[in-house]
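Participant: Build the full structure now, drawing on both the sequences and the hints.
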Amino acid sequence: MSKKPVILLGMLRVNKMESLVIDYLKKYGFEVVDISYNHIAPPFKYKSLGMRLDTFVRKNILREKDVKKKLIEEMARSHFEAIHKKISELIDNYESFDYALILGGQVYPKDLLLKIKQKTKKSMVAYQPDGMDRFPQAKETIEFFDRFYAFDPQDIKKYTSLLYPASNFYFENLAENPEISSDFYFIGAHLPILKRDQAIATFARHAAEKNWNLDFTIFHIDQGSLSLHHETYPENIKATLQPISFAENIYREQQSKVLLDFKTPIHTGLSFRTIEAVGYHKKLITTNIHVAKYDFYHPNNIYIWDEKTFDGLDEFLESPYHELPAKIYQKYSFRNWVNYVLNIPPHIAIGLPEADS
Numbered sequence: 623m624s625k626k627p628v629i630l631l632g633m634l635r636v637n638k639m640e641s642l643v644i645d646y647l648k649k650y651g652f653e654v655v656d657i658s659y660n661h662i663a664p665p666f667k668y669k670s671l672g673m674r675l676d677t678f679v680r681k682n683i684l685r686e687k688d689v690k691k692k693l694i695e696e697m698a699r700s701h702f703e704a705i706h707k708k709i710s711e712l713i714d715n716y717e718s719f720d721y722a723l724i725l726g727g728q729v730y731p732k733d734l735l736l737k738i739k740q741k742t743k744k745s746m747v748a749y750q751p752d753g754m755d756r757f758p759q760a761k762e763t764i765e766f767f768d769r770f771y772a773f774d775p776q777d778i779k780k781y782t783s784l785l786y787p788a789s790n791f792y793f794e795n796l797a798e799n800p801e802i803s804s805d806f807y808f809i810g811a812h813l814p815i816l817k818r819d820q821a822i823a824t825f826a827r828h829a830a831e832k833n834w835n836l837d838f839t840i841f842h843i844d845q846g847s848l849s850l851h852h853e854t855y856p857e858n859i860k861a862t863l864q865p866i867s868f869a870e871n872i873y874r875e876q877q878s879k880v881l882l883d884f885k886t887p888i889h890t891g892l893s894f895r896t897i898e899a900v901g902y903h904k905k906l907i908t909t910n911i912h913v914a915k916y917d918f919y920h921p922n923n924i925y926i927w928d929e930k931t932f933d934g935l936d937e938f939l940e941s942p943y944h945e946l947p948a949k950i951y952q953k954y955s956f957r958n959w960v961n962y963v964l965n966i967p968p969h970i971a972i973g974l975p976e977a978d979s
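Throughout the sequence shown, residue numbering follows my numbering, covering 623 to 979 in sequence.
Between beta-carbon pairs, the in silico distance windows are: (1) K625 x E929: 49 to 59 Å; (2) S700 x D819: 27 to 37 Å; (3) H944 x L712: 43 to 53 Å; (4) K739 x N833: 50 to 60 Å; (5) E853 x I970: 45 to 55 Å; (6) L848 x A704: 30 to 40 Å; (7) K739 x K638: 19 to 29 Å; (8) E929 x D978: 11 to 21 Å.
Straight-line C-alpha distance at most 20 Å; calculated DMTMM-like pairs for lysine to aspartate or glutamate: (9) K860 x D844; (10) K905 x D805; (11) K905 x E940; (12) K732 x E711; (13) K739 x E765; (14) K879 x E940.
Calculated directly from the structure, the hints in this document are not laboratory data. Cβ coordinates follow ideal geometry from the N, Cα and C atoms, glycine included.
Facilitator: Right, dumping it as structure tokens:
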């Protein structure tokens, strides 16, 4: 009996996506060494009454205004150093790995990446599922990887000699196929940097006028943001402080007729929701004009919205879904994505369109 190939998986634990990745890698025959971790430090607490009093004196008597901020930063740094130490000890338990897959080049310190590289026999790769300029420290880690993949054509153009192209992916062969319960689906965070709140609100108001059934939810990072929800968004958009799991998100996508995607100015790459619309045979409304350059684009399936008018939208919704060649669905599946980035045959190469000048 042949031994399973061992793959080390590194990523941040966001919405339990790591659980899906691990489950699918195991289905593909890998033994998975999981070094993922939560990137949010626990809430700050004073360790003792003495620490609280010392902070009070330094802030209010000695006028050290940022003393608590520095204390919070130091405790967060210590928290993540402890996590990285545990990860290092876990790595020490293994003689070697066949593969290493890191989602996010900035997620681990260089000393850990070097240790992983020294123990990886076949291929150590990274995938950057966000813009390189948003996490500039990721560029400093490229040297540790055999291949470093990025999903934004602008990044590929900017760092031509350093990066390899890849898109996001969708998880194929889902166990459940629920009944349709909504017309349109979107979930996303309310963050000023994303600059999409007005577009979301505009679409929701139009949906209310058309009496469409929306499943729109905005995740707020704190109570203050939540309390201002309806100053920005109409009544048909729900608000929550509780993020949903990646698996629950996919389930709710399956329950909807049409998926919504609102592009941010941070990058030009395609979101997971865009690729999931392809994989799950869903219609998509998106504000990302670059989607028209991809091989899966068809005007029956994807409506590119200008965030202002709704010309042609009714006709788009009434048109039948256009089935794509089987090779397209295979190409963007997680199974093919894994084989492609790890350079395991057989696979279909995942290229990106040329970036705008």
